[in-house]
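**Student:** Model the full assembly from the supplied sequences, consistent with the hints where possible.
Protein chains: 2
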Amino acid sequence: MKTVTISDVATHAKVSKSTVSHYLNRRYDSMRENTKQRIEEAIETLGYQPNIVARSLKLKSTRSIGVIVANILHNFTTEVVRAIEDACISSDYHTIICNADDDPLKEKHYIEMLRAKQVDGLIIFPTGNNRDLYQQMLNARYPVVFLDRTVEDISIPSILLDNLQASKLAVEHFVEQGYRRIGIITTSIINHITPRIERIKGYEKAMSEQGLPIIDNYVRTSKSTDIQQAMADLLKLDEPPQAILAGNDLVLIEILKYVKQHGLRIPEDLAVIGIDDVSFASFYTPAITTIAQPTFEIGKRGAEALLKKINQKDVEDYGNFRFEPELKIRDSV
Amino acid sequence: MKTVTISDVATHAKVSKSTVSHYLNRRYDSMRENTKQRIEEAIETLGYQPNIVARSLKLKSTRSIGVIVANILHNFTTEVVRAIEDACISSDYHTIICNADDDPLKEKHYIEMLRAKQVDGLIIFPTGNNRDLYQQMLNARYPVVFLDRTVEDISIPSILLDNLQASKLAVEHFVEQGYRRIGIITTSIINHITPRIERIKGYEKAMSEQGLPIIDNYVRTSKSTDIQQAMADLLKLDEPPQAILAGNDLVLIEILKYVKQHGLRIPEDLAVIGIDDVSFASFYTPAITTIAQPTFEIGKRGAEALLKKINQKDVEDYGNFRFEPELKIRDSV
DNA sequence: CTGAAAGCGCTTACAG
DNA sequence: CTGAAAGCGCTTACAG
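In the order they appear, the protein sequences are chains V and S.
Numbering-wise (UniProt numbering), the first sequence opens with residue 1 and increments by one.
Numbering-wise (UniProt numbering), the second sequence opens with residue 1 and increments by one.
Some hints could be false.
Identical copies go unnamed one by one, so any copy, or any two together, can satisfy a pair.
As the list claims (entries may be wrong) - Pairs of lysine-lysine, DSBU-like flavour, derived with a Cα cap of 35 Å:
1) Lys60 to Lys309
2) Lys328 to Lys308
3) Lys201 to Lys300
4) Lys106 to Lys257
5) Lys60 to Lys106
6) Lys328 to Lys260
7) Lys300 to Lys257
8) Lys36 to Lys260
9) Lys58 to Lys36
10) Lys328 to Lys17
11) Lys300 to Lys108
12) Lys36 to Lys14
13) Lys309 to Lys17
In short, the hints are calculated from the structure, not lab data.
This one's a predicted model, so the numbers in the text were calculated from it and none came from an experiment.
**Tutor:** Structural data, given as structure tokens:
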């Protein structure tokens, strides 16, 4: 089966390629009804399908964007990506998702690959360690927006959570419920990942505001696989925390595993709040109090910001945009 | 900033485009060292990046495949997609994911769109209601493989679970634990979705084999939003089931919500097994006994099958391939 | 060992 | 109202 091209249609309809192309692009302004019908019929009988690759080459636009996420394992990421896809599809853009797996090298590879594929723009959850590349895209006025994270001194706008507020909501709720010894666990901050750094900062700030001491031992950062150990260390303290804020969904899960394994009761033995509204929060026993991010809005806003950049070059940037977190009170504190 | 093309590199290096192209494609066989270096240097100083769209047009291969899932909300789907992406990336193929949202019209749209984008092949979780299109692709020898579902009389090979066995494992385990009144709930089967049909069939077969009566009332199929109601109906029966098999992750979640809301105890009041090993199964209270699908292997196998078809046209099909489910015994039965 | 030329399948400014 | 021609950025068979 030979592929049928615009030339075949032209021949069959006895018109030129130009006319067929006009037809395809709905420039009917001054096209004779009869011509139109002949083309229609030719397309129908030949089963013609336009070749978008050829079109893209000529138009220098693929109508697709790339999304490079830092780590697809987070529930947050999955939901945001879905929102991005929805928003793009409804503007007739396609989306290519790549998972950098927290690895700056992979991120670099994907950025280059996607640009070679001529995507019209990029949404990146930056690993943070490709500053030169980021800057280069900025200089080239290539449309990029960051999501979930910022990169210091790189003026690419970012859409993210008000992380200070997220921690504040949690700490305040703990305090309201009578807790004073409050800890926080996040995953590793060696790469200066924005949300983790800010959530810790927010926790410390909120503790101070509540007139509570900031105890270094109560603040743990460790990679996923070491969180069980972090829990053990924490609870071994002379005065162990009575409440713990989980920095994200993965941390929360590790905490719940630990709690179950050691037969602890929530909230009697340990109160828990998780940042990120995990799927099972509402029907877990006990139902988990969480700080929810508006994942859908974040993704939507990210896509809109990028599409705007793509379609009206040199739109001024409004800097970062922060969404407000929401406390969902359930039974774990 | 003008985009720099292969011509620019050629000019700068004082060679022809052909030579640069040879260089880019690593055909160094008989290229003078000096030429090589000049090209290298030109690429470096100009910051040249190849345009893959142009390349694809010429080569008639985009080195990307399309994946159209029926419904991205299933955890199964997410995991399989991830496995597909991994397998593709390691063969240097890109992946474009589309979510048909259980809608045959959307599916049709995506199939056409992706083919217009010249993807080299398609992995489809078929909605089942685009038979003409499926057949047409088959006739055109366009590389396609189905995942998770089959379509009757369309001889596109499918990779899926041994669903009969999945139900059998569950029923047998219930019976072993002393349960006799066993029900099953799946989502809607009006569209003849393979796994749902087969899981019900498997349930009925296994019940018979165990010498247990098949009670029509114990078999419920309803859309996600009506499952709470189905539970209510089930438990209102004179002789309500004491054990329930959840047809997939979404059904399980609805059941758990119902159970929590109505203060039932698992497994004392109701034993539960879920098909699909949900993320929270192990640390839920009680931990949920599940039938796990080898999602990673399924995705990997699907990608490999497709890539094989793409790279050696006319490879003979081996028909459907079924993976074995695994019973993960925990505390919910 | 390297280059000129044709062609992949489109679009569009321009001419008539 | 429609068409001839040039061009998007590559690749490759062929020639020298």
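**Student:** 35 Å Cα cut-off: does Lys328 pair with Lys308 within a copy, between copies, both or neither?
**Tutor:** within (33 Å within a copy, 49 Å between copies)
**Student:** Using 35 Å as the alpha carbon limit, work out where Lys328 and Lys260 are close: within a copy, between copies, both or neither.
**Tutor:** For Lys328 and Lys260, both the intra-copy (22 Å) and inter-copy (18 Å) Cα distances are at most 35 Å.
**Student:** First find the shortest C-alpha distance between Lys328 and Lys17 inside one copy, then the shortest across copies, and answer within, between, both or neither for a cut-off of 35 Å.
**Tutor:** neither (60 Å within a copy, 62 Å between copies)
**Student:** Evaluate Lys300 and Lys108 at a C-alpha cut-off of 35 Å and name the case that applies: within, between, both or neither.
**Tutor:** Answer is both: 25 Å inside a copy and 25 Å across each meet the 35 Å cutoff.
**Student:** How would you classify Lys60 and Lys106 at a CA-CA limit of 35 Å: within, between, both, or neither?
**Tutor:** both (26 Å within a copy, 27 Å between copies)
**Student:** First find the shortest C-alpha distance between Lys201 and Lys300 inside one copy, then the shortest across copies, and answer within, between, both or neither for a cut-off of 35 Å.
**Tutor:** This pair counts as within: shortest intra-copy Cα distance 27 Å, inter-copy 42 Å.
**Student:** For the identical chains here, do Lys58 and Lys36 meet the 35 Å Cα criterion within one copy, between copies, both, or neither?
**Tutor:** both (24 Å within a copy, 30 Å between copies)
**Student:** Between the shortest in-copy and the shortest cross-copy C-alpha distance, which are at most 35 Å for Lys36 and Lys260: within, between, both, or neither?
**Tutor:** neither (70 Å within a copy, 63 Å between copies)
**Student:** Checking an output row: Lys36 and Lys14, CA cutoff 35 Å. Within, between, both or neither?
**Tutor:** within (11 Å within a copy, 49 Å between copies)
**Student:** When no copy is specified for Lys300 and Lys257, does a C-alpha distance of 35 Å or less occur within a copy, between copies, both, or neither?
**Tutor:** both (33 Å within a copy, 29 Å between copies)
**Student:** If the cutoff is 35 Å on CA atoms, where do Lys309 and Lys17 land: within, between, both or neither? Let me know, please.
**Tutor:** both (33 Å within a copy, 34 Å between copies)
**Student:** Evaluate Lys60 and Lys309 at a C-alpha cut-off of 35 Å and name the case that applies: within, between, both or neither.
**Tutor:** both (16 Å within a copy, 31 Å between copies)
Checked against the numbered hints given earlier, the structure breaks hints 8, 10 and satisfies all the rest.
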